[in-house]
Every structure is written in C-alpha cells, then in structure tokens.
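Visitor: Sequence:
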Amino acid sequence: MKEVVEGIMQEINSIYKKKVFLSVQDVSEILGCTEEEVHNLSRLRKHQKKPPRIIVFKEVRYPKKAFVEWLLMERGLQGLET
19 MKEVVEGIMQ EINSIYKKKV FLSVQDVSEI LGCTEEEVHN LSRLRKHQKK PPRIIVFKEV
79 RYPKKAFVEW LLMERGLQGL ET
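In this note's numbering, the protein residues as written are 19 to 100.
To be clear, the hints were calculated from the coordinates, so they are not data collected in a lab. Misleading hints may appear alongside valid ones.
[Claimed, not checked] Here are the computed lysine-lysine pairs in the DSS-like style, where the Cα-Cα straight-line distance is at most 25 Å:
no., residue 1, residue 2
1, K35, K20
2, K35, K83
3, K20, K83
4, K35, K64
5, K82, K64
6, K36, K82
7, K37, K83
8, K83, K64
9, K83, K67
10, K20, K67
11, K76, K36
12, K37, K76
13, K36, K83
14, K82, K20
15, K20, K76
16, K36, K20
17, K67, K37
18, K64, K76
19, K67, K82
20, K37, K82
21, K83, K68
22, K82, K35
23, K37, K68
24, K68, K82
25, K20, K37
Please model the complete structure; the sequences and the hints are all you need to start from.
Guide: In structure tokens form, the structure reads like this:
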C-alpha cells in the first residue's frame, strides 16, 4: 500500500503544492462530490468511518497523507501492493 499512497500523494501534492492540510473544497474536488457531502462525512457517528481531520477556527481541515490512507482503507485497498 505504501507505493499506492506515495503515488497518490505525488499527484495530490502536484495539485495542492503548498498545502499541508486540505480544505473541504479540496476534498470535494478530489472525491468529485459536493462540499455538503464532505461535511456529512465528518458528521458520521462511527469514529473509524470518519476521515482524519482537525478543526481550526471552526474550519475543518484534512491532513493530506492521512486522508489518502483513510480513503484507501475505506475502499478496501489496505492490502494492495504494486
């Protein structure tokens, strides 16, 4: 999975070069969904199903690498090796 995460991280880093954390808008662009759907992800009751995030001044931010790892695990790719 490490190689998959690194490949996706390279692509995300090329788009969001100077960002350590992704915004709700960034995540909605990556996932191809609305910002409201991203907010709904953060409101899930099951803690393990929520994407990793921090809240800064009432704004939700997602650490890039942790978000990619969460996304792959949610899609059942945690054991994927390339």
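Visitor: Mind checking the alpha carbons of K67 and K37 for me, to see if they're no more than 25 Å apart?
Guide: The hint holds at about 24 Å.
Visitor: Is it true that the CA of K35 sits at most 25 Å from the CA of K20?
Guide: 20 Å, holds
Visitor: Compare the distance between the alpha carbons of K82 and K20 with 25 Å, and conclude whether the hinted pair is satisfied.
Guide: It holds: about 14 Å lies between the C-alpha atoms, which stays within 25 Å.
Visitor: Are K64 and K76 close enough, with their CA atoms no more than 25 Å apart?
Guide: 21 Å, holds
Visitor: Need the status of pair K37, K76: alpha-carbon distance at most 25 Å?
Guide: Distance of about 18 Å is within 25 Å: holds.
Visitor: Taking 25 Å as the top limit, are the C-alpha atoms of K37 and K82 close enough?
Guide: 8 Å, holds
Visitor: Going straight from one Cα to the other, do K20 and K67 come out at no more than 25 Å?
Guide: With Cα atoms ~21 Å apart, K20 and K67 stay inside 25 Å; holds.
Visitor: Decide if the proposed pair is consistent with the structure: K36 and K20, CA atoms, cutoff 25 Å inclusive.
Guide: Between K36 and K20 the Cα gap is close to 22 Å, so the pair holds against 25 Å.
Visitor: Is it true that the CA of K83 sits at most 25 Å from the CA of K68?
Guide: 15 Å, holds
Visitor: Verify the proposed pairing of K82 with K35, using a straight-line Cα cut of 25 Å.
Guide: 11 Å, holds
Visitor: Between K37 and K68, is the straight-line Cα distance small enough, at 25 Å or below?
Guide: Judged against 25 Å, a Cα distance of about 21 Å means the pair holds.
Visitor: Within a Cα-Cα threshold of 25 Å, do K35 and K83 meet the stated pairing?
Guide: Given that 25 Å is the threshold and the Cα spacing comes to 13 Å, the pair holds.
Hint check: violations occur at hints 4, 15; the rest are consistent with the structure.
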